[in-house]
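Protein chains: 2
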Amino acid sequence: MKVRGRAVRPRDAGGDRPHVVIIGGGFGGLEAAKALAGRPVRVTLIDRSNHHLFQPLLYQVAMAGLSPTEVAIPIRSVLRNKDNVHTVLGNVAAVDLEGRRVDLDDGESFDFDYLVIAAGARPAYFGQEHWRAHAPPLKSVEDATEIRREVLLAFERAERMANDLQRRKKLTLAIVGGGPTGVELAGALVELSQSILSGDFRRVQTQEVRVVLIEGGDRLLSGMSEASSREAKLALEAMGVEIILNRMARDIDERGVHLDDRIVEAETIVWAAGVRASALAESIDVPKDQAGRIIVRHDCSLPNHPNAFAIGDIARFDTEDGPLPGVSPVAMQQGRYVARWILRTVEGRSTKPFRYRDKGTMATIGRRRAVADVLGVTMTGYPAWLAWLFVHLFFLVGFKNRVFVLLQWIGAYVFESRGARLITFNDRKQRSETPPRRFNAGPRSVETAS
Amino acid sequence: MKVRGRAVRPRDAGGDRPHVVIIGGGFGGLEAAKALAGRPVRVTLIDRSNHHLFQPLLYQVAMAGLSPTEVAIPIRSVLRNKDNVHTVLGNVAAVDLEGRRVDLDDGESFDFDYLVIAAGARPAYFGQEHWRAHAPPLKSVEDATEIRREVLLAFERAERMANDLQRRKKLTLAIVGGGPTGVELAGALVELSQSILSGDFRRVQTQEVRVVLIEGGDRLLSGMSEASSREAKLALEAMGVEIILNRMARDIDERGVHLDDRIVEAETIVWAAGVRASALAESIDVPKDQAGRIIVRHDCSLPNHPNAFAIGDIARFDTEDGPLPGVSPVAMQQGRYVARWILRTVEGRSTKPFRYRDKGTMATIGRRRAVADVLGVTMTGYPAWLAWLFVHLFFLVGFKNRVFVLLQWIGAYVFESRGARLITFNDRKQRSETPPRRFNAGPRSVETAS
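Chains as they are written, first to last, in my numbering: chain A, 28 to 477; chain B, 28 to 477.
Calculated from the structure, these hints are not laboratory results. It is possible that part of the hints are untrue.
Since the list gives no way to pick one copy over another, a pair counts as held whenever it fits inside one copy or between any two copies.
What the hints assert, rightly or not - Result set (SDA-like, lysine to any residue): computed pairs, CA atoms no more than 25 Å apart in a straight line:
#, residue 1, residue 2
1, Lys61, Asn273
2, Lys166, Val418
3, Lys315, Glu264
4, Lys109, Gly226
5, Lys315, Glu374
6, Lys315, Gly267
7, Lys379, Glu173
8, Lys109, Glu235
9, Lys315, Thr405
10, Lys166, Phe228
11, Lys386, Gln234
12, Lys196, Glu281
13, Lys315, Arg282
14, Lys196, Pro330
15, Lys196, Asp326
16, Lys196, Val115
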């Protein structure tokens, strides 16, 4: 280490500063690392990916409104010049709480004095993992570009079809899950099709596009107020979205989404229904809830391991009003809390239990409407959308990203176009030899251009 | 067709306007389509990809300076509202010059009155296609993000290595081919490593990065003046690039690039050495040169087929000074020429042979230097770079893209950061389960964080 400070709780032979290992560079982990930067600890932040992802705007990448580089930022550059923070691109294979060691799957190990587990959540298919092939989730940059490709290819395929009925089927898009992701996707999907289908395509007409939003519960946005749920439903229906409530997906296959009483035939399906704690939680021998989340104490620590913490979506934190929701403000506040806890303990001081300060929740419905519950009040329409825009830009990490996202939004209004509409393929052979398989698999409509 | 005009050369039973089929949405094909838009012809533009790619800036995507959406634009949106132009995403399987028909590989066919073949070039490995696995080319958006991933992963791998010698080997990057792409890549690579390695990494030092540029001929930029070649070599060497001239690659494998007298051991290799005409040319029974290019007449038409044209990189156009180079101004001028030829012929008038107006060539060397040959004068340094920036922004398709690329460049100066540094993976299983194979394959340096 370049800078040596008072090693209050020396563990290493060299009398070094205490070592904090953080697993995960999402909202929680990154906040913890930032709060520990420049303080008398050493920090190692381990993430599987090299970038921090601003998940609340990921649906915009899937809908070609933003480019991946506008919602993701390299973790290294966020922690640039923080000399006591070391970033590692790696995959954690095991956590040894007793031995205070984290093992990566490539053999490297890190001893720790304090551990912050912030590995987040992953999509869950209720044990039906084969649904994933038909209904990709929206959790990573790669997921978003995959959905973007599927949606744009559906339009391209439809454009090649002279038969109206076939075309309508190609143009049906189903979203499973009526939470914020599902609602925001549905709104953006309608606007994407309205903005690009009007001028760019010849056969496909805007009104042929059918967006179906399927929710198992009795209202959309169940984490928000009933007024917001109602408003979201009305606004989406006014945009032409079909909303199906109280219906669980029983099966998902190439035909579409099978419900109890019908089948929603859809070419493109997006999964926005369920998440589970990251698989890392399974390998750690502590009590968990049925979503796989680590049940933490009131200071975010693990039972019997006061020096190990779980925060954000991988943790279950119970309050009088039930468990805290899996949203970014919870993870960020927990990250800052845990950092403060560690720093105070290093100084020999104690810390009060964690308290979540709920500043409100919001969801956007298309480009000029949103719903927001702030301090018990429900905002709707354009004012709520402006509040949504402000909050999201404010929390977007990286000044340059903020400027660019704002410019993209302004550009979307002025030019009414979507710049990020690239169809890119993964497999080099695939794209250099033939168009992708699914693109070829459509009906072979032989026609001449007469 | 919505708008019916005078069918001067009716071919279809319906007395429709003449039908022009354009294969390829690159510089040549797109210019032709734009010049035919709104004129008394029907146009079908067929491309394998949904976007027009501004290839001269593709190296910036590979070097994380620009995002893919800033150098690529959907063809549909360029031709938006051009009612007589129909865009088709598809792969041409065969061209029947006699029968005047183009067949796609999914069974669809298009009859044509006029055909413009503008399918471009593809990377060529001198018959050693297995080199591609070790030395990816830089022709598509996917190529660029693959190179970006490889380079960034090389840095990440090196950061995990305590052994200085191992680390240096990981940090050697070789570029095969000293044309504009190779020269621009080499300069950008040095700047990428200087800008991000200084603050973001802990172990890896800027001076450890080694960039080797290998050219088979006796000078860089052989298409430009000798003064420009000299200046480019001096400028790159001043930046620390090793330049090897007069050496052909004899083999490329996991060790590196094998030359006659040595092996350049490199972790990352980029292929910028050779191109061949698109594979489509092979299937067309007309005379070709040894680069597979269709030899065209002085009006860009195919011998014995006055209604079929080949333009841009897929065509060989001979002049008194030798064949025209494979650069975008040639393709664009040919595209406009062919469009004019078709429109005049429809009107019953004749057209003079094609003449290329060479307005100059340029290549950038890093962020503030360039070389340019304009009207027989060689410009160098900062003035040449400003000229380069102006010309490239001017020809970048799409107003919004231009603004954003300019802003990115300004941002790169102000913030000295690269926003587009995402490592994204292709295979979903791969990234959700483990880090990519090549990342794991490195030496397993077991170390503790003590």
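Tested hints:
1. Lys61 <-> Asn273: Result: close neither inside a copy nor across copies, 42 Å intra and 51 Å inter.
2. Lys166 <-> Val418: Cα proximity of Lys166 and Val418: one copy only (21 Å, versus 39 Å across).
3. Lys315 <-> Glu264: Neither, since 39 Å and 59 Å both go past 25 Å.
4. Lys109 <-> Gly226: between (49 Å within a copy, 8 Å between copies)
5. Lys315 <-> Glu374: neither (31 Å within a copy, 79 Å between copies)
6. Lys315 <-> Gly267: neither (41 Å within a copy, 55 Å between copies)
7. Lys379 <-> Glu173: Answer is neither: 44 Å inside a copy and 48 Å across each miss the 25 Å cutoff.
8. Lys109 <-> Glu235: Intra 53 Å, inter 21 Å, cutoff 25 Å: inter-copy only.
9. Lys315 <-> Thr405: Neither. Shortest intra-copy (34 Å) and inter-copy (70 Å) distances fail the 25 Å Cα cut-off.
10. Lys166 <-> Phe228: neither (30 Å within a copy, 27 Å between copies)
11. Lys386 <-> Gln234: Neither: 39 Å inside a copy, 48 Å across copies.
12. Lys196 <-> Glu281: within (12 Å within a copy, 48 Å between copies)
13. Lys315 <-> Arg282: Cα proximity of Lys315 and Arg282: none, with 36 Å in one copy and 48 Å across.
14. Lys196 <-> Pro330: neither (52 Å within a copy, 46 Å between copies)
15. Lys196 <-> Asp326: Neither way: Lys196 and Asp326 sit 52 Å apart in one copy and 46 Å across, limit 25 Å.
16. Lys196 <-> Val115: Only across copies: Lys196 and Val115 sit 20 Å apart there, 46 Å inside one copy, limit 25 Å.
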